[in-house]
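> Listed below, chain by chain, are the residues.
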Amino acid sequence: MGNREFKVVGKSVKKIDALSLAIGEAKYTADINLPNMLHIAFLYSPYPHAEIVEIDTKEAEKTPGVVLVLTYKDVPNTLHTTAGQGYPEPSPYDTRILDKRVRYVGDRVAIIAAETKEIAEEAKKKIKVKYRELPYNIDPEKAKESERIPPEGAYHLLPTIYEPEKNIAAGITLSVGDVEKGFSESDKVFEDRFEIHYANHAALEPHAALAFYDERGRLNIVSTTQVPFHARRITSRVLGIPVKDIRVIKPRIGGGFGGKQEVFLEQVVGLVTYKTKRPSKVVLSRKEVFISTRTRHPMITWYKAGVKKDTKEIHALRLKALMNAGAYGPHALTVMANAGSKVLPLFNKIKHLQFEGFSVYTNLPVGGAYRGYGATQGYFGFNVMLDMIAEELGIDVLEFFKKGHIKKGETSPIFEKLGEGKEGVSQIIRSCALSECIEKGSKAIKWHEKRRKKIRKGDKVRGVGAAILMQGSGIPKIDMGAAYMKMNEDGSFNLHIGATDLGTGSDTILAQIAAEEIGTSIDKIIVYSSDTDFTPFDVGAYASSTTYISGGAVLKCARKIKEEILKVAANMLNVPQDALFIEDGTVYTKDRTQRVTFSDIALYSLYSKDQHQIQSVASNIGLESPPPFMAQFAEVEVDIKTGRIDVVKFVSAVDCGQPINPALVEGQVEGATVNGIGYALWEEYVFDKKGRMLNPSFWDYKVPSIMDIPEMEVIICKTYEPTGPHGAKSVAEIGINGPVPAISNAVYDAIGVRLKKSPFTPERVLNAIKEQGLKL
Amino acid sequence: MGELLWYFPETIKELKEIITTSVGVVPHSGGTGLLKGDVRKYKGLVDLGRLHISNIEEKDDFVEIGAMATYGDILRYFKDKNNNALLYKSLLNAASFPLRNRITIGGSVAYFPPWTDVMGPLFALSAQVYLTGEKEGWYSILDYATNRELHKKTVVLKIRYKKDVDTGRSAHYRAKRTQIDHPAFTITLLLYVRDERVHSASFYVVGTKDKFKRLNVLEKQVIGKNVKEIDPESMSLDEVEFYGKVQFSPEYQKTLFITEVKRKLRDILETLK
Amino acid sequence: MKGIFIINSEKKELEFEPHKRLLDVLRENGYTEVKEGCREGECGACVVLLDGRPVNSCQVLAASVMEREITTSKGIGSLHNPHPIQEAFAEAGAVQCGFCTPGMVVSTYALLSENPTPDDEDIKYALSGNICRCTGYVKIIKAVKLASKKVKENGK
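Protein chains in written order, with my numbering: chain G, 1 to 776; chain H, 777 to 1049; chain F, 1050 to 1205.
Any given hint could turn out to be false.
Claimed, not checked - Calculated pairs, BS3-like style, for lysine-lysine (alpha carbon to alpha carbon, straight line, at most 30 Å):
{"hint": "1", "chain 1": "G", "residue 1": "K524", "chain 2": "G", "residue 2": "K590"}
{"hint": "2", "chain 1": "G", "residue 1": "K477", "chain 2": "G", "residue 2": "K609"}
{"hint": "3", "chain 1": "F", "residue 1": "K1191", "chain 2": "H", "residue 2": "K952"}
{"hint": "4", "chain 1": "G", "residue 1": "K126", "chain 2": "F", "residue 2": "K1198"}
{"hint": "5", "chain 1": "H", "residue 1": "K855", "chain 2": "F", "residue 2": "K1198"}
{"hint": "6", "chain 1": "F", "residue 1": "K1061", "chain 2": "H", "residue 2": "K812"}
{"hint": "7", "chain 1": "H", "residue 1": "K819", "chain 2": "F", "residue 2": "K1198"}
{"hint": "8", "chain 1": "G", "residue 1": "K7", "chain 2": "F", "residue 2": "K1198"}
{"hint": "9", "chain 1": "F", "residue 1": "K1069", "chain 2": "G", "residue 2": "K450"}
{"hint": "10", "chain 1": "G", "residue 1": "K142", "chain 2": "G", "residue 2": "K126"}
{"hint": "11", "chain 1": "F", "residue 1": "K1069", "chain 2": "G", "residue 2": "K128"}
{"hint": "12", "chain 1": "F", "residue 1": "K1198", "chain 2": "H", "residue 2": "K817"}
{"hint": "13", "chain 1": "G", "residue 1": "K402", "chain 2": "G", "residue 2": "K181"}
{"hint": "14", "chain 1": "G", "residue 1": "K7", "chain 2": "G", "residue 2": "K58"}
These are computed hints drawn from the structure, not numbers from a lab.
Source: prediction; values computed, not measured.
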């Protein structure tokens, strides 16, 4: 099965929307303008924590061109979560559209709708607000003792630890074996603290949404969303408008990375259009994207590992995680849980394990989903710890990796114990090429020639470091995707999917999966995604789910329509169905003496006899979440006088099952890697003492440019995942997890200094050099 | 806020008339500096785009650059002619590729943001600026940068420096986080060597607490010395203070400054040995 | 105020407010292929050619470029008559979300006009003002090289 010959799958076909995008023809949300449309601006809190004592909007309302000003007094006060997750969401209901209390610098105070964006922006300056400042806290380690942040009445739908009065947004503890006993049985115990930081997705397209009433009075919302169906559900609930009266349309999206898995604009444009009966649009500025959307959750992790000298294995491991959720709790439980669930099973032979995770509220920007989703945070300390242990044991860390990592046919108790907000799903690994990834990646980086060599040229020293990773493929038994297909009279097919292409190329790979299964070429598949009126349900693009979950739905759907095609062909040719096979859009009898083309079949079915639409629909849930695996390698050059790190070369070797489209696989890995390198080295939120972000712009929040990239190499180590569509697993997120630990380990290899707090800015590296001393 | 007025003078005479008589108007060259704020706060903008003052030429002993010459124009001018020119080296990585086609040298001189890549080199080259308006004529760039009076109702028309000044050995350093970043500060070094001895030196750091500083202490230690005898490591440096910038604390900038100024000096000396 | 602009070789008289940026004037008049990513001259999504040279249209006041030639990605090629650069970006896998691509295409067009066979360093230098968050740039460099080859073959 693993050696199956593919015709469409496994080929780097051109993305179906690429040319339109390259020309600029394709429309994004902000490109759409409607007659009589209102433009929306937000007034934001300048304080980290305050109560609105008085708010006077008269002057703003009098401004010519201003149509509507809304404060907390004028909007539905439904508590909800903005996290675009399945229902019931594993995130606390702690948010209102607007509230009397503001909880971070950047929290919304008022909504202004006007004839132009400029008028709305000008008018907001005329809103007079009297605040009563409240005690605030920006230190997650002090959260439990600080002034309560979430509103009275905030609650969680799931039975989980939620203590709003102590600012605890979520908590999990679990054990395997007896970790304390494990430590006491160990010969050497390692313990360390790692800190990983706030960052922004920085998708090039800022968040935007547009609402209008269609000719039948239904509310239509166009949005930069990864989750159109969740957006419809949440908007319906928050505004009290029935789901049947809302349509959410996802046009082209300019990148998401998790930042658009949040529903915080749809309800606003929906409300403004509901109140004014006019179309309305909001497009956030880059600054607003930084301060008021969502971020990577910062996390402090404490790793403690007990090692046995005879077996050279980790005998006991404890991971404590403290996640800073920011002022509200979207994804507070699940991102934190993933720091354990996506990390701990990788070394599955550890006998005694403990995970203890807490998410806490602070008066800082709000965390959310971000590519990697907790795994990024967890893998930093994990891989640095493994590097430290291997050094102490006197073995090559790559050998330590290879010996310890989970393998095909194996499992980990963590799979079952830790899931997304509830218990997980037990699974056996059915495909894993991590050892091959380590092997091939180490050759590409020239590990054995460079490791421990500390090659020095003046003040610059080189080193290499590695990290190993796994992620998942969708959320098992929770995520569902569905697909619908129909056949046209020229033998082409409409494929309608709820899966949301954010630029990832999912429309293309889903078409490849369908074309492969049906036996036709990709240009015969007309893809439409995603529109809550016209496409079947899909949870959306997150959790590395689209290829595996939605792809599975497309595969099933294609199988069904293929059956239908063969049935009609059998009738036409008057032969039994099992005497037929399909090749390149034509049905043949097995002896090849007779044939009918897809076009003949479709014409026949639509116009000739037993007329009907050849069509199919299918749903798919993941019963498991087969992890993709990856080994990443960094070669760095460290300037010992300035602390500057230059990444010279970066290698990623990935097992994502059967790559559906190798070029898109490489693109996902390359993009994730560069994002990860930027995150490791410069990208960070810099705050003042009151939690005000000091660098909410590309001027001071540096996203890697084309000049900043190292030599890059991506190696695909193909496997065949029996549960995946055509053998595929996911690939979208995993590549962002390795750069932070791989670079940290490479710096240690070069200069003997451990970096445990990210990002590794020159200043921070220099301080680490001063504290720890160079070992050259 | 009233409606913003645009003036499009086509002659220097017209420009002078507008500048000296209108209140609340500012010159517009590339616009990149003005757009850092809200342009609606001005009564009027005087566009210099129709004056044809973007020419770069060698004139007598000088290189003369029109105020409207963009960084891109300057780079293209020097590219084939002299890629050792200090301005070429310093502007090569200033801003970004498309921005360099909009940022003008005149705008940079008049606006003088702390992150500019052009002021250090112009100081080092002892450049002069030609003003029109209430003042008319050539002024030293140092005077222009430090005397606010010279900015009132004047416009920079051109910049020049002596050709032979730029025949020295030079280096430009930008303290940046990524390759495309505005520098926290820049260091510009220009040395003139005759018979193996440093004849003159002109060292500047821009982006300091006082905006910029000439490194007199360091200059004194190299002038008159044989290049083979100069050891940058052992030299004492000028006291330079920095203000904090995002991801650059004052202390770190100081460390970086000390390291990089010595490195750049050593780089120059290497080329002489 | 009113002004004439030559946009994609067409003479257009447009009405706009005097403080408006070229980016806004273009987008408000239907040239939505010019994208707004940051409005601070840092991302390059709004890059257009001004008299053949790439500029960030968000950093240009419209009034200052009246009578001048502005070229957007759609002025370089169209859906039914794409330019080899646009084809190369599509074929090389250099288009993920596509939000940066029209700006990349414009910058590439300017590069290849001056330097038909750029090497990696030339490409990086010329595209240094165009941020892409999706691709990690590897495929973009590949696309520019492919474009160079295609342009030579097509003689465009």
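> Any of the earlier hints contradicted here, and which numbers?
2, 4, 7, 9, 10, 12 and 14
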